[in-house]
Every structure is written in structure tokens, then in C-alpha cells.
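Colleague: Residues per chain are reported as follows:
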Amino acid sequence: MANSLFEEKLYSDKFIVTTEIGPPKGADVSEMVHHIDLLRDKVDAINVTDHQSSVMRFPSLGGCLLVQEHGGEPIFQVTCRDRNRLAIQADLLLAYFRGVRNVLCLTGDSIDVGDHKEAKPVFDLDSVQLLKMIKVMESGTDMAGNELKGAPSLCIGASVHPEADFIEPQLVKFDKKVAAGAQFFQTQGVFDLGSLRRFMQYASQFKVKILAGIIVMSSARMAQYMNDNVPGIIVPQAIIDELATAEKGKGLQKGIEVASRLIKTIKQENLCHGVHVMAVGNEGIVPDILEGAELVTIGR
Amino acid sequence: MIDPYQRVLLLGCGTCMTVCDAGGEREVSFLHSALRLAQAKSGDGIHSFLEYTVKRQCDPEFIDLIADKVSEVDAILSLGCGIGVQALAERFPDMSVLPGVNTSFMGMAKESGVWDERCAACGDCRLEETAGICPITRCTKGILNGPCAGTKNGKCEASKDMDCAWILIYKRLERLQQLEKMRRFYPPRNFRAIPRPKRITSKVSSTGEENG
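Chains R and U are the protein sequences, given in the same order.
The first sequence lines up with residues 742 to 1041 when you count with the working numbering.
The second sequence lines up with residues 762 to 973 when you count with the working numbering.
Hints in this document: simulated from the structure, not taken from any laboratory.
Take these hints with a grain of salt, some might be off.
[Claimed, not checked] Think about it this way: if two alpha-carbon atoms lie no more than 20 Å apart in a straight line, the pair counts; the simulated EDC-like pairs of lysine to aspartate or glutamate are: (1) U:942 - R:909; (2) U:830 - U:805; (3) R:1005 - R:1032; (4) U:932 - R:906.
[Said to hold, decoys possible] Derived CB-CB ranges, DEER-like: (5) U:860 - R:812: 54 to 62 Å; (6) U:923 - R:825: 19 to 27 Å; (7) R:906 - U:844: 54 to 62 Å; (8) R:892 - U:946: 43 to 51 Å; (9) R:825 - U:890: 19 to 27 Å; (10) R:853 - U:893: 39 to 47 Å.
All of these numbers come straight from a predicted model, not from anything done at the bench.
Even glycine gets a Cβ: it sits at the ideal position worked out from N, Cα and C.
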């Protein structure tokens, strides 16, 4: 039996659509709930980010519980940056207990890119070790080999970067994540479908599901900013130029167009198993992007 | 820092701190001149300084040699590393010992006047598997199974001036035709490989202690 509705869809032939919501900086979750209500029936699952870009926020697991309470299917993003192996195992037990059954395993951005630059970086585990740890917990013991009274069972995923400027070392790591038990991958933002095609030629040898990451940009300036400041992201000049053609105040509209076009092509050409839409602070526009990509409302 | 103390011993260290231009005889002499000058300028100084450099501040045998000098002062401003400061504090329980340098890392001279950190002295050495490049020290996340996705142009997401350790490791393993070492899974680190505070006891000296 599948661990979750999302896992069930993952192994159907359906084109998967996921998105993500960044929890608020503070305890007022009203805007987040608004976004959950807006998105829950339009996507197959909603990721809740874990202090994305190392900026302190309402917790990922708390956000997942909100998604669930409001009728959505959550994916719990877990990074290794802020918690050691005890804390992560404990959070996974709580997630499982409360019915949060999809976990995305990430190393986590460097503390240096965030808003608490003097904090202690934990990184007790890395993403590969985190995936392995979950498999150990599923087998009935904690990481130290002690028996668990009630073992979790989860649908686990990881990330991969098809557009890295030096792909070979990334593929070595991808292989390790697959071997460690990752069932699905959300890619870092994809802009150049050529690199996605090349990556899929490689990845298709594995029985894992690949969801192409789609980042929605609101202006050429934002694209340039991401190139300069966001870890790993490389927006091609052609897309920056296209965004720059937008009339004043219509940048986001152009960004939606670009994202919709990418998604549409990916689906039409059957390039991978689905998409993961990252609207980075503009969660409200995700339905417009899906509509632009002619992805019908999914319904549940 | 030295305000409350009238007579201060400026104490250099003749080994590592000399080599890294941070606290050897030369730096002690510079500091001595600077302090005297500052005092003369302000006109209300009360301090008198004594300067000296021992061979090694981390070794009781060398510290013992300065016991008479220490008896003449109210405080020691040590230009040794953090270990030197603590070794002095242990040897002279009634003496205030102040850190004259801010010990930052164990490194190597990359070029003249540039030092780079290379070893975290973690007691869990991986250098055989990583082509002699330490991911624990040189990767900002200290991760063991390959690069994160934040690397760009061979640099680290934490700083554009810093090489990504895992890209260096990959390239060197490839050059040595040992890439299979990177394809292995490395389990989480054992942070208690040597419990902290760490102690290593060589058999010869422990036998001596037992006999004593």
C-alpha cells in the first residue's frame, strides 16, 4: 500500500504537479493558509520549505500540518542545516505520527546566505545520509541501532541539479541518492530544456521519478539577482532578455508566460515525470501558471 | 585588556606563532614599541612592559624557564596560540594570563602573507578517500558524499572567493583515476572519534606515569 496519496500518484502514469509554500516569518499563518486553500486542489502536493535560503521562519513541519488540516497533501522539506541526527529523527517520528508521509531530504543552504549568519551550522548529516537514515528507521531501529516502538514508513525524495555548470560530480551524488532510496527528485530550477533532456537520458536508467523545478521570475532584475546570489542557479541570458522586454509593471506576467511555456513543453515532449513549481514569494500566481501551461485542474 | 595591570609580560612563542608572523619575537617587539608609544602619547599610562619569547608556550619544560620573570609581573599578555595561553594559566595559577592574539585556525602558507585553513584536527581523517583535500575543513558544510547544488564556477555558495572543496576533490580523484572513492557511500561522521576535550596518551609516557 502506498504511504501517501502523492506516492500513489507518483507511480501512476499521471504528469505530477507539485509546488511549494514558504512559511511566514512570524506566527501569523493567515496568508499561508490562503495560499494552501488556493493551491490544494490544483497540485498533487505542496512542499513546505525548511528555513529556505537559511532565513528563519515558521517551521516546515508546522506548515505541513497546516497543509494537511486544510485538505492539502504536504511534502515535508527536511534540511540538515539546523538539526542534528537526534532532532531530525524525532521530527520524522512526529511527521509520520501526524500523517505527514512525504519527505524531501536536502542538505540545506549554507548559513552564510541567510539572515542568521552567526548561527552554528549543524550539518551532522548530509542529504545522502539523511535518506539512508530514513530507510534504517523504516526497518525498525533508530540510527544508533536501537529498536523503535513504532517505525515510520515514508515516501522520500531528494533534489538534483541538471543545470549545474559542472554536472559530473552532481551525477555522482545523484547516483548515491538513488542508491540510498530516493523515490522522487525535484530538480533545481530548470531554464534550459537541453540540459534537462541530457539529464533525463542519464536518469532514465533508474526507476525514480523526476519532477523538473520551475522557478517563476518577476523581472529581469530578479533573474540577475538570482544568478548573483542564489546558490547554484544559472538563468540563461536569453530568458533574462525576454523578461527585460516586459512593459513596466508586467514583469511577473512575462515570468508566468516563461514558466508556463517551459511546463507545457516538458509535458508535451514527455521530458520527465512532472514539474515542481517554485513561485518564490508569489505563491498566489501558481494557478495562473498551470492554466497557462494548459494543465487542467487536477481535483482530488 | 591590560588596563588593571601595572607590570605586564609580553610573551611570544618561538614555534608556530613565529612561523605565521603572529606572535614570535618580532611581533612581541613591535607590540612592545606600540604599547609604549600609545602610553607616551596618552600621557597617563602606568604600565611597565617586559618582553620575552619562549621556545614553545605549549610545553611545560619551556614554560618553567620563565617562572622568575613571571614573578616580577602582574599579568602575562601571551602572543601564543590559545593553547599557549591555557598552558600558562595552568602553570601559573595565581597569574592573570591574557590572549594577545585571536587564534583562528590551523593552516598553511598559501603564498607569502596568505594562510589557508587546512585541518580541523577532527580525529576522523578522510584524506585517503578524498585525494588529500579535506571536505570537513574546506567545505563550508563539511559534507561527505559529494558537492551540494550550491556550487557555481567551482566556487562555494557561501563565498565566491572560496573554492568548492568537492569540485577540487572530484577533479583530483579523476586525475588520479580514483573516482570510485567518491562513488562510495560515506556514513555520518563519528563526532566522538576522540571525545572532546581530546587526549592522546602515548604508551611510553603512560607507563612512566604509572611507575611514578
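Colleague: Against this structure, judge whether each hint is valid.
Modeller: Each hint tested on the structure:
1. U:942 - R:909: 14 Å, holds
2. U:830 - U:805: Given that 20 Å is the threshold and the Cα spacing comes to 25 Å, the pair is violated.
3. R:1005 - R:1032: 10 Å, holds
4. U:932 - R:906: 14 Å, holds
5. U:860 - R:812: 54 to 62 Å: 59 Å, holds
6. U:923 - R:825: 19 to 27 Å: Distance hint for residue 923 of chain U, residue 825 of chain R holds at roughly 25 Å.
7. R:906 - U:844: 54 to 62 Å: For residue 844 of chain U against residue 906 of chain R, whose Cβ atoms are near 42 Å apart, the range 54 to 62 Å is violated.
8. R:892 - U:946: 43 to 51 Å: With Cβ atoms ~22 Å apart, the hint is violated.
9. R:825 - U:890: 19 to 27 Å: 23 Å, holds
10. R:853 - U:893: 39 to 47 Å: 26 Å, violated
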